[in-house]
Amino acid sequence: MPKVLVSDKLSETAVQIFRDRGVEVDYLPDVGKDKEKLAEIIGQYDGLAIRSATKVTEKLLENAANLKVIGRAGIGVDNVDIPSASKKGVIVMNTPFGNSVTTAEHAIALMFAVARQLPEASVSTHAGKWEKNRFMGVEVFNKTLGLIGAGNIGSIVADRALGLKMKVLAYDPFLSEERADQLGVKKVELDELLGKADFITMHVPLTDKTRNILSRENLAKTKKGVRIVNAARGGLIDEEALAEALQSGQVAGAALDVFATEPATESPLFNLPNVVVTPHLGASTNEAQENVALQVAEQMADYLLTGAVSNALNMPSVTAEEAKVMGPWIKLAGHLGSFIGQMTDVPIKSINVLYDGVVADMNLNALNAAVISGVMKATNPDVNMVSAPVIAKDRGIQVATTRQEAGGVYDGYIKVTVVTDENERSIAGTVFSDGKPRFIQIRGINVDAEIGEHMLYTRNKDVPGVIGALGTTLGDMGVNIANFQLGRTNSGEDAIAILYLDEALPESVLAALQKTGKFLQARALQFEI
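For what it's worth, our numbering labels the leading residue of the sequence shown as 78, then goes sequentially.
No wet-lab data here; the hints were simulated from the structure.
Watch out, some of these pointers could steer you wrong.
[What the hints assert, rightly or not] Okay, the calculated beta carbon distance ranges per label pair:
| id | residue 1 | residue 2 | range |
| --- | --- | --- | --- |
| 1 | 512 | 240 | 47 to 55 Å |
| 2 | 422 | 525 | 21 to 29 Å |
| 3 | 598 | 512 | 57 to 65 Å |
| 4 | 273 | 404 | 25 to 33 Å |
| 5 | 89 | 525 | 30 to 38 Å |
| 6 | 216 | 321 | 58 to 66 Å |
| 7 | 229 | 494 | 34 to 42 Å |
| 8 | 112 | 605 | 28 to 36 Å |
| 9 | 112 | 263 | 43 to 51 Å |
| 10 | 598 | 161 | 20 to 28 Å |
| 11 | 89 | 500 | 32 to 40 Å |
| 12 | 294 | 521 | 42 to 50 Å |
Treat the numbers as computed from the prediction; the structure is a model and nothing was measured.
Even glycine gets a Cβ: it sits at the ideal position worked out from N, Cα and C.
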């Protein structure tokens, strides 16, 4: 039974989901704040469910010997070292849609608050003042809203803004014209948005490209009197430059729920007139907190019990239905990669994968991850489908994928070719109706070989006496042959043999085979069955 630690506050309903699904769970909502205690116990768990209080660092991951998945109840994963998790082979999931409506509504609320100076008017009235003439606001009706980011949350904001009879411009490099038409927005470049928008809202993640997207230079390009809202991520706006723009009148007002440094105990924006600030409340509704808690529990349980991957940040998504169909093909992909990895002793330059027939329509990102993991296990036994692509990229290994319609006697097959400075090596395999993976071609030689835990591969010139030498040598060395497969191109040319053994082959046997002078290559292979 897999075991999960919930180290932050999560609803009891979410915790019960784990139990109902057959996952053992320890609910310790305060342990996430205790780094030493968390590091002491994390090695017991297969899964870790968190909110924002738990910090998953490289140091913590060093103690997480059994950890397979981290689930963040919410969108932001700033508190998780994703590169370290990937190298450790740990899937990192979030729940990007559970608080979308709540966050979008908060952005709209901030827009109204800054448009009508509601917080300042409230404080003044609470103080017994009646400063009706002081707080002159602006309507949002018929104004132009500029969306920086038109993804899930941005599209909800657009929908609400259109309902308020606003005009909506959207800057998003990934937004197609067709999608813009569906949303009812006009797709524009950033400079056009800055120059025309009466209100600007931010709905993008924080990346190297979006960091300080509202820089001092870009703030100078805005329409004079613009009002800016950020309920997305801190660091999207140069806060000092925004403070200067507010003081100069270039920006008439700003509303921020997020800051470059959080908790934000000081900021150049604090105490400026017509600046509305809230303490990262975008997802803070009862509905959203419950939704993301339930979602993360379902996602983690699905992965631990069925292998289904959803909303992962460092692993291709695989549905439960896909996992059932793809399971044998993922196993085959791993075996093909493992065969080549065990046969290759020099640095790999590239891995080329051909998908033919039915398998070409499957989730190739997941299959590629299995191939790469198989290849790299020969030199790094701890690698898995999460960490392998990261390590391959770090080593400069190029990965190429090709799809093609069924072109042979099989409904589908996978062919893996590895390129080194010395040569190319390829192997192909398929999955038969019995669900068992098979090798069907090695070095261009057709075979029909099931995969066994312990195998011996030999290559020789197809001349008399080789098979006899092979059997005699293994017999003399006390090695029992459970089964074998032979293949060749043409008489007198290359031939191969694949032998199934009862146990791992000692190096002394390989040395004895080489001494016969009959074999161009002899290699002991092991596979995880």
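CB-CB spacing for residue 525 and residue 422 relative to the 21 to 29 Å hint = holds (27 Å)
Should the hint that residue 112 and residue 605 are 28 to 36 Å apart at their CB atoms be regarded as holding?
-> The hinted range 28 to 36 Å holds for residue 112 and residue 605, with Cβ atoms some 35 Å apart.
Hint says 57 to 65 Å; check whether the CB-CB distance for residue 598 and residue 512 agrees.
-> violated (31 Å)
Outcome of range test on Cβ distance (residue 229, residue 494; 34 to 42 Å) = For residue 229 and residue 494 the Cβ distance comes to about 39 Å; the hint holds.
Is the hinted range of 47 to 55 Å satisfied by the C-beta distance from residue 512 to residue 240?
-> Given a distance of about 52 Å, which is inside 47 to 55 Å, the answer is holds.
For residue 294 and residue 521, compare the CB-CB distance with the range 42 to 50 Å and indicate the outcome.
-> Once the Cβ atoms are compared, 59 Å apart, the range 42 to 50 Å for residue 521 and residue 294 is violated.
Measuring from beta carbon to beta carbon, are residue 112 and residue 263 in 43 to 51 Å?
-> Hint holds: Cβ distance 49 Å, inside 43 to 51 Å.
Does 32 to 40 Å hold as the CB distance between residue 89 and residue 500, or does it fail?
-> Since residue 89 and residue 500 have Cβ atoms about 60 Å apart, the given range 32 to 40 Å is violated.
Using the C-beta atoms of residue 273 and residue 404, is the stated range 25 to 33 Å upheld?
-> Since residue 273 and residue 404 have Cβ atoms about 52 Å apart, the given range 25 to 33 Å is violated.
Please test the hint of 58 to 66 Å on the beta carbon pair from residue 216 and residue 321.
-> 27 Å Cβ-Cβ, so the 58 to 66 Å window is violated.
When you take the CB atoms of residue 89 and residue 525, is the distance between them in 30 to 38 Å?
-> violated (55 Å)
Residue 161 and residue 598 - C-beta distance against the hinted 20 to 28 Å = At 39 Å between Cβs, range violated.
Of the hints listed earlier, those the structure fails to meet are numbers 3, 4, 5, 6, 10, 11, 12, in rising order.
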